[in-house]
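Using the sequences plus the hints, can you model the full thing?
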Amino acid sequence: MAAVKFEYAMARLETIVAELEKGDLPLDDSLKIFEEGIRLSKTCLKMLEDAERKVEILVQEKDGKKRIQAFSPGEDELENPQ
Amino acid sequence: MAAVKFEYAMARLETIVAELEKGDLPLDDSLKIFEEGIRLSKTCLKMLEDAERKVEILVQEKDGKKRIQAFSPGEDELENPQ
Amino acid sequence: MAAVKFEYAMARLETIVAELEKGDLPLDDSLKIFEEGIRLSKTCLKMLEDAERKVEILVQEKDGKKRIQAFSPGEDELENPQ
Amino acid sequence: MAAVKFEYAMARLETIVAELEKGDLPLDDSLKIFEEGIRLSKTCLKMLEDAERKVEILVQEKDGKKRIQAFSPGEDELENPQ
Amino acid sequence: MAAVKFEYAMARLETIVAELEKGDLPLDDSLKIFEEGIRLSKTCLKMLEDAERKVEILVQEKDGKKRIQAFSPGEDELENPQ
Amino acid sequence: MAAVKFEYAMARLETIVAELEKGDLPLDDSLKIFEEGIRLSKTCLKMLEDAERKVEILVQEKDGKKRIQAFSPGEDELENPQ
Amino acid sequence: MTGHNLALPLLLSVSDVTRLIRESLEEQFQDVWIEGEISNLRAPSSGHLYFTLKDSQSQLRGVLFRSGALRLRFALQEGLSVIARGRISVYEPRGEYQLIVDSLDPKGVGAFQLAFEQLKERLSQEGLFDEARKRRLPSFPSTVGVVTSLTGAAIRDIVAVLRRRCPTVNILIAPVPVQGEGAGASIAEAIDVLSEMPQVEVLIVGRGGGASEDLWAFNEEAVVRAIARSRVPVVSAVGHEIDVTLSDFAADHRAPTPSAAAEAVVPVLAEIMERLDELARRLRRLVDTMLQMQRHRFERSLSVLGETRFRIQAQAQRLDELQDGLTRALTAQLTVLQRELVERRHLLLAQGPRNRIERFLVVIPQLCKRLEQEARRGLMSRRQSVAMQMAALDALSPLAILQRGFSIVHTISNRKVLRRASEVTVGEAVEVTLAEGQLVCQVEKVMPSSIS
Chain A
1 MAAVKFEYAM
11 ARLETIVAEL
21 EKGDLPLDDS
31 LKIFEEGIRL
41 SKTCLKMLED
51 AERKVEILVQ
61 EKDGKKRIQA
71 FSPGEDELEN
81 PQ
Chain B
1 MAAVKFEYAM
11 ARLETIVAEL
21 EKGDLPLDDS
31 LKIFEEGIRL
41 SKTCLKMLED
51 AERKVEILVQ
61 EKDGKKRIQA
71 FSPGEDELEN
81 PQ
Chain C
1 MAAVKFEYAM
11 ARLETIVAEL
21 EKGDLPLDDS
31 LKIFEEGIRL
41 SKTCLKMLED
51 AERKVEILVQ
61 EKDGKKRIQA
71 FSPGEDELEN
81 PQ
Chain D
1 MAAVKFEYAM
11 ARLETIVAEL
21 EKGDLPLDDS
31 LKIFEEGIRL
41 SKTCLKMLED
51 AERKVEILVQ
61 EKDGKKRIQA
71 FSPGEDELEN
81 PQ
Chain E
1 MAAVKFEYAM
11 ARLETIVAEL
21 EKGDLPLDDS
31 LKIFEEGIRL
41 SKTCLKMLED
51 AERKVEILVQ
61 EKDGKKRIQA
71 FSPGEDELEN
81 PQ
Chain F
1 MAAVKFEYAM
11 ARLETIVAEL
21 EKGDLPLDDS
31 LKIFEEGIRL
41 SKTCLKMLED
51 AERKVEILVQ
61 EKDGKKRIQA
71 FSPGEDELEN
81 PQ
Chain G
1 MTGHNLALPL
11 LLSVSDVTRL
21 IRESLEEQFQ
31 DVWIEGEISN
41 LRAPSSGHLY
51 FTLKDSQSQL
61 RGVLFRSGAL
71 RLRFALQEGL
81 SVIARGRISV
91 YEPRGEYQLI
101 VDSLDPKGVG
111 AFQLAFEQLK
121 ERLSQEGLFD
131 EARKRRLPSF
141 PSTVGVVTSL
151 TGAAIRDIVA
161 VLRRRCPTVN
171 ILIAPVPVQG
181 EGAGASIAEA
191 IDVLSEMPQV
201 EVLIVGRGGG
211 ASEDLWAFNE
221 EAVVRAIARS
231 RVPVVSAVGH
241 EIDVTLSDFA
251 ADHRAPTPSA
261 AAEAVVPVLA
271 EIMERLDELA
281 RRLRRLVDTM
291 LQMQRHRFER
301 SLSVLGETRF
311 RIQAQAQRLD
321 ELQDGLTRAL
331 TAQLTVLQRE
341 LVERRHLLLA
351 QGPRNRIERF
361 LVVIPQLCKR
371 LEQEARRGLM
381 SRRQSVAMQM
391 AALDALSPLA
401 ILQRGFSIVH
411 TISNRKVLRR
421 ASEVTVGEAV
431 EVTLAEGQLV
441 CQVEKVMPSS
451 IS
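These protein sequence lines map, in sequence, to chains A, B, C, D, E, F and G.
At position 30 of the first sequence the residue is numbered 30 (the working numbering), and the sequence of numbers has no breaks.
At position 12 of the second sequence the residue is numbered 12 (the working numbering), and the sequence of numbers has no breaks.
At position 35 of the third sequence the residue is numbered 35 (the working numbering), and the sequence of numbers has no breaks.
At position 82 of the fourth sequence the residue is numbered 82 (the working numbering), and the sequence of numbers has no breaks.
At position 72 of the fifth sequence the residue is numbered 72 (the working numbering), and the sequence of numbers has no breaks.
At position 51 of the sixth sequence the residue is numbered 51 (the working numbering), and the sequence of numbers has no breaks.
At position 52 of the seventh sequence the residue is numbered 52 (the working numbering), and the sequence of numbers has no breaks.
FYI, nobody ran anything at the bench for these hints, they're computed from the structure.
Since the model is a prediction, treat every value here as computed from it, not as a measurement.
It cannot be assumed that every hint is accurate.
Stated by the list, open to error - Quick partial rundown of chain G residues pointing at chain E, CB under 8 Å, derived from the structure: (1) A160; (2) L349; (3) P353; (4) R354; (5) I357; (6) L361; (7) C368; (8) R370; (9) L371; (10) G378; (11) R382.
All C-beta atoms, glycine included, are put in the ideal place defined by N, C-alpha and C.
And the structure:
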């Protein structure tokens, strides 16, 4: 997912919609960018669905090395912010 | 079909229609362009129907995928390497 | 028939009718141009009927195709390489 | 009949009537031109009747064709190569 | 008869009558012209009757033809090649 | 008789009457011319009678012919080739 | 306050005395240095700053006019101890004296403040705080790095807001002490580490509110420089809104609170989804509209094309008319000609020789009749003439004497009428004519003398 930037996809999708809105494209070009738009919207949706939703913490080991580990600090605390 | 632009065909068709509407063409000329118009209209219709079908397929595909994705996100990614 | 322009024939026919309507032609001249007029009108009628038939065929063909297209778009394309 | 112009015959007939009206012709001369007048009037009548018949034939021929065409357009075209 | 002009005969007849009326002719002369007058009158009458018959024939012939033509135009044409 | 003109005879008769009226003629001369006068008058009468008969015949002939002509014109023409 | 002031007139107006006091004060306090604490600070829109300098016992009103205020290198704050330099004057409308400040320097915080100012000045010279360096935050980062303390409300607030707004975002926390000895170095190191991690797209650096000394770590040069060199955009969130640190100056975005920082870093996922949905819908609608439009355009052309048939039919109608016209015109001419012919034939028959013949047939018998009459009349008149002559002859007849008894004797031989007896000889035969009849006699005797 990292390779395809979600933002880029969204921006391109917006551009495509704007292009189509101008309405001065030839039929086959319209169809082409429509297809691209459909694929982009699928990609975006997929990116969102594929997201991992992790909360991690960078921990310093005794040897000074740093390590990432999952973090669930008092879930209660996170879920109920005052 | 790819060689004939829909817009070109439509523009020519509209020119023909305008010519026919003016009604000052000799009979055989109007027959000739009528024939051309009929051929063009067939071409245009075909292009339009192809486009409509393509849109339909793309849209259905999208919706179909969406539903499939909801159950097996991993497989989907393998089938559509973007 | 191709050599005789429909419009030319019609114009000549109009002239003949006008000449006859004036009623001051010698009888045998009147008869001669009447005969010419009858022949012209037959020619014109034939041309119109041919034209009508042609239009009919083209239109039917178009409508027929349309119906065929709805069932087998691929074949249609092969039969009409434009 | 082709040699005698109807109009000439009519003009001559008129002259004859005028001559007879003047009444100063010798009997045998008046008989002669009366006879000529009678013959001329017959000739004229015949010409008119011939003309009428011709018109009838031409018109019927035209209408006849028309009716035939409506049923067998192909054959008609072969019979009348114009 | 052809040699004797009707008008001449009539003039002579009238002269004769006038001569006789004058009454100064010798007997034998008057007898002679009386006889001549009688003969002239007969001649004139005959000429008139001939003319009458001829007119009759011409007029009847014309009407007869007309009636015949109405029933058999083709035959009529063959019988009267003018 | 032909040689004696009626008018001459009448003139002689009148002379005779005049001579006799004068009365100076010897008897025998008187007798002579008287006798001549008688003769002349007879001659004249005869000439007149002849003439009358001739006129009658001519008239009858004319009227009779006319009546006959009405029934058989052809024969009449043959019998009187003028 | 010299004696000669007593030489003033006994009665002074308030203005006069106020003016005199002002002149007197201004003369004596032209340039004074005064130490005190700022209170009652007011900053109206004019740009002038009004405040009260106070110490434990006294207060002095002061004003720093706009030009001086702009020259200040720090923000004037309530309770700040300062050394002010200026002159004493009187505000005549109120009769109040006040310090008109020329320059103002902080006092009390002393070294910290000075260091802050010096560092700020230096880093600013380096361009670290330039607006141009500030980067746009990613609009939808997949992973957010957070540099803060694990204890305290800040991390709680940040994680809660991030999860609430955008449940899909990954959060990577680098826990650091945020105050006390070594805090700055830890923070700077954490920033470096996180900013170098490829998945991190944006950093939040900060802590909750506290005393200004507690926030000091975020003014340290190491932290400020770490923020400035971060690979990814940094959002600073130190203390409360009023707390200003150098980190705030260096960060790409300054958030007033940690919660605000979390809000600035991620969008609301629901909105994104909605936008995505909307785009997909619009995409579909646009294509449908375009296809419909083209279809409509096409159908219109097609229908006009279909009208070609009507155009041909119109021509056929015109042709029919012409055909009718053709036959009608010729028939009309034939009718006219026929009528003319009939008229002429009528005239011919009327003017024919028949009349003349009939006339002559009348005339000739009349002539014949006249002929006959004349012939008969001529004969008749002649007959009358003859009769007349005959009658005359009859009347004149020499034989009339015979009726009276005379008779005529003439010789037989030469029929000579005898007048003398001597003319005959005896024995000669003579003829005697009587009134009626004749006698032939023989002469017996001749007697030559007359009977007298």
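Comparing the hints with the structure gives:
With a least beta-carbon distance of about 118 Å to chain E, the hint placing G:A160 at the interface is violated under the 8 Å criterion. Among the interface hints, the one on G:L349 holds; its C-beta lies about 7 Å from the nearest C-beta in chain E, closer than the 8 Å criterion. Below 8 Å, beta-carbon pairs count as interface contacts, and G:P353 has one with chain E at about 6 Å; its hint therefore holds. Interface hint at G:R354: satisfied, since its Cβ lies 5 Å from the closest Cβ of chain E, which is below the 8 Å cut-off.
Below 8 Å, beta-carbon pairs count as interface contacts, and G:I357 has one with chain E at about 5 Å; its hint therefore holds. Taking 8 Å as the C-beta cut-off, the interface hint given for G:L361 holds, the closest approach to chain E being about 6 Å. Interface restraint check for G:C368: the shortest CB-CB distance to chain E comes to about 5 Å, inside 8 Å, so the restraint holds. Checking G:R370 against chain E by beta carbon gives a least distance of about 5 Å; that is within 8 Å, so the hint holds.
Among the interface hints, the one on G:L371 holds; its C-beta lies about 5 Å from the nearest C-beta in chain E, closer than the 8 Å criterion. Hint status for G:G378 relative to chain E: holds, with the closest Cβ pair at about 5 Å, below 8 Å. Among the interface hints, the one on G:R382 holds; its C-beta lies about 6 Å from the nearest C-beta in chain E, closer than the 8 Å criterion.
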